[in-house]
Amino acid sequence: MSKINIKIEGHPYQVEEGLTVIDAARSCGYEIPSLCDFNHGECNQGSCRVCLVEVKGMRSLVASCVFPVFEGMEISISSPKATAARRTSVELLLSNHSINCQQCDKNGKCELLHVAKLTGARPEMFKGAQTPVTLDELNPSIVRDTSKCILCGRCVARCKNAHGNGVLGYENRGFNAIVAPAGNRPFDKTPCILCGQCVSVCPTGALMLKSEVQKVDEAMALGRHVIVQTAPAVRATLGEEFGMPIGTPVTGKMVAALRRLGFEKVYDTDFGADLTIMEEGTELLGRIQNGGVLPMITSCSPGWVNYCETYYADQLDHLSSCKSPHQMQGAIIKSYYAEKHGINPKDIFVVSVMPCTAKKFEKERPEMVNAEGLKDVDAVITTRELADMIRRSGIVFAKLPDEDFDSDIMGEASGAGVIFGVTGGVMEAALRTVYHVLTGKEHGAIAFTSVRGFDGIKESQIEINGKILRFAVAHGMKNAKVLMEQIRKGKSPYQFIEIMGCPGGCINGGGQPYVRPVFLPNEDHDILDTYMQKRASALYSEDQRNVLRQSHKNTQVQKLYEEFLGEPNSHKAHELLHTTYKGREPFRD
Amino acid sequence: MAHLSEAAVVKINEICDRYIGEKTPLIMILSDIQKEYGYIPLEVQEIVSERTGISVAEIYGVVTFYSFFSLKPNGKYVIGCCLGTACYVKGAQQIVDKFSELLGIKPGETTEDGLFTIDALRCIGACAIAPAVTINGKVYPHVEVSEVAGIIDEYKAKEAAEA
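Protein sequences appear in the order of chains A and B. At the far end of the first sequence sits residue 589, using this note's numbering, and the numbering has no gaps. At the far end of the second sequence sits residue 1163, using this note's numbering, and the numbering has no gaps.
Since the hints were derived computationally from the structure, they do not count as laboratory data. Where is the CB? At the ideal position from N, CA and C, for every residue including glycine. Careful: at least some of the hints might be erroneous.
[Unchecked claim] Derived pair list, reagent style BS3-like, types lysine-lysine, alpha-carbon separation capped at 27 Å:
(1) A/LYS399 - A/LYS109
(2) B/LYS1023 - A/LYS481
(3) A/LYS489 - B/LYS1011
(4) A/LYS189 - B/LYS1072
[To be verified] Which residues of chain B face chain A? A partial, calculated answer using Cβ under 7 Å:
(5) TYR1039
(6) LEU1042
(7) THR1052
(8) GLY1061
(9) VAL1062
(10) THR1064
(11) PHE1065
Please model the complete structure; the sequences and the hints are all you need to start from.
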């Protein structure tokens, strides 16, 4: 890249040719107030007009997020004309925005409020008509409130980038324009998989997750036996909510916090992950040995399951019949745990702390109910909701000691379970065990690094007993679709496929802490390029520290089979740990 | 969702295939469908999405952006009332209001008998004869409020004669 000369506020700088004004200014140490601009132009349409700057010789102000720099360009960020224009842009956005900041989930993380402060926007400057409002809270995962929407289009871009054919788009025109699924339908009547990626990029409170904190409060107030379990990806990100650098694992403090919040037992969903590997690995071997349907595809990600049921209803027999780890663990808590401790399962309330908004939907599925009509899991709260609960209770997270998970019957968990939280992790965990079961030996290298990293589709193979096992890993539905089309055409070369709904896997789930450079003064702006890697490293380092790194070596899982389930894929295991799927239409009535 | 007849699906796919290789085929496909069927409901957009790989959300956005496309079937007679600047200052709003009053529908709506749709248009380029109304291609120049009832009756009579 060649360099060109520009001036900002009269100071000369050399910047790379081809950059937008906002990125060029950033490289010179300026942060121009902006709103719709996100992630180096992942969403970049210059729609909000908050980043206007003055350029010498230009007739009008330019939107710095889309306008490229040119040789000799003289930019003024803080000229009176530019600052007044930016303020007006924000005031216009605010004029059609429902201002109830204190009830808003984005309170404290709202980028509109942030730029309002930066630009000095005055209240009620353009009081007038408001666009008709839609409030969609019919599904268990996501709330859409168009009264907060500023039409920036970040959600539209993210949905499309992650999943190919996005669910969200612009509709209608002029003042009536809204961002919505086709026909302004509620999400639960569209092909939306409820992954929450749109929520994680929304700058305001237009897209929010549906909080279940109150359900947890109520269960505790009623004196229920409230047990919590935490997904692997939560420990990798919870620290971010308390100002820790991205990629800081906080397992011990998280457990300590949960105990102080009043949960009877604090369990690690990694146990459920190990259990999943035993069931799923056995299922895979059974399919290979008995000529079953191949490739088999993982079913841990409820977003992916929703997608498969919607678009590949004809291929559902490829999905593993295994429930996801937290559902398995919930089922075990309400059977084995209850039996062991002499507690009536009806009195138990299971809370899962998940990185995921689709899990909120998953736990409500009619298939996730046991023979007595009890749900496996009663409430799902996300990483962000847990952080809210911790803050609310006055706990100073950084000062907590490190504590261990409860270890009575589900305390042991392997490093294989930990890496479930990142794309490729379920595959790697499964390979560690499948290799052992088939050969009776441990694979020389415990880590299968070929399935690590963030390439859209990763594929590899290993030789087991002279036979080649080919496998592939995809994340984000755009990539999943490629593998599914191969299957539909009968041309899939694989025996085993891992698919996760969110790009990057659970570490980038819709319930994870927002990554917003403007609210992370200690992180470089490039954090948007590196945060997934950092979060993944937190999980891989946790795996590496673990003495136990293979699911089949988990002695408490072994004991569970001895005492209760019999063997993997036994009748009882099927009853408690497996599920069924059914196709559904993309646009349902 | 209601399902389309097999013949309709074949026809819509055939329309989509006319523009294979075009860089931006969507508007051309939608215009052909609009001309063929008179409207483009969500079910049809789903077929177009499947055939072209363009998301339903995007198609819906285009259909609702351009007033040429409609989501619901139009009436047999589409009363296009120009509300461009010239027509507006010559009293076009009163003309639209009169049509609305007599037919009992708002602009953009269709009468229950399926006969009339009122379409409020921006400038149709007939400023010299403002205010102008077009009905299925026939142009009515210098329309006055008192003439509106007569225009409606003209089409009702035509219908009665055909029946």
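Here's how the hints hold up against the structure:
1. A/LYS399 - A/LYS109: This hinted pair holds, its Cα atoms lying about 23 Å apart.
2. B/LYS1023 - A/LYS481: 23 Å, holds
3. A/LYS489 - B/LYS1011: 25 Å, holds
4. A/LYS189 - B/LYS1072: 20 Å, holds
5. TYR1039: 14 Å, violated
6. LEU1042: 6 Å, holds
7. THR1052: Constraint on B/THR1052 not satisfied, violated at 10 Å.
8. GLY1061: B/GLY1061 check passes; min Cβ-Cβ to chain A is 4 Å, inside 7 Å.
9. VAL1062: Hint on B/VAL1062: violated, closest Cβ of chain A at ~9 Å, above 7 Å.
10. THR1064: Result: holds, 5 Å to nearest chain A Cβ.
11. PHE1065: At about 5 Å, which falls below the 7 Å cut-off, the nearest Cβ of chain A leaves the hint on B/PHE1065 intact, so it holds.
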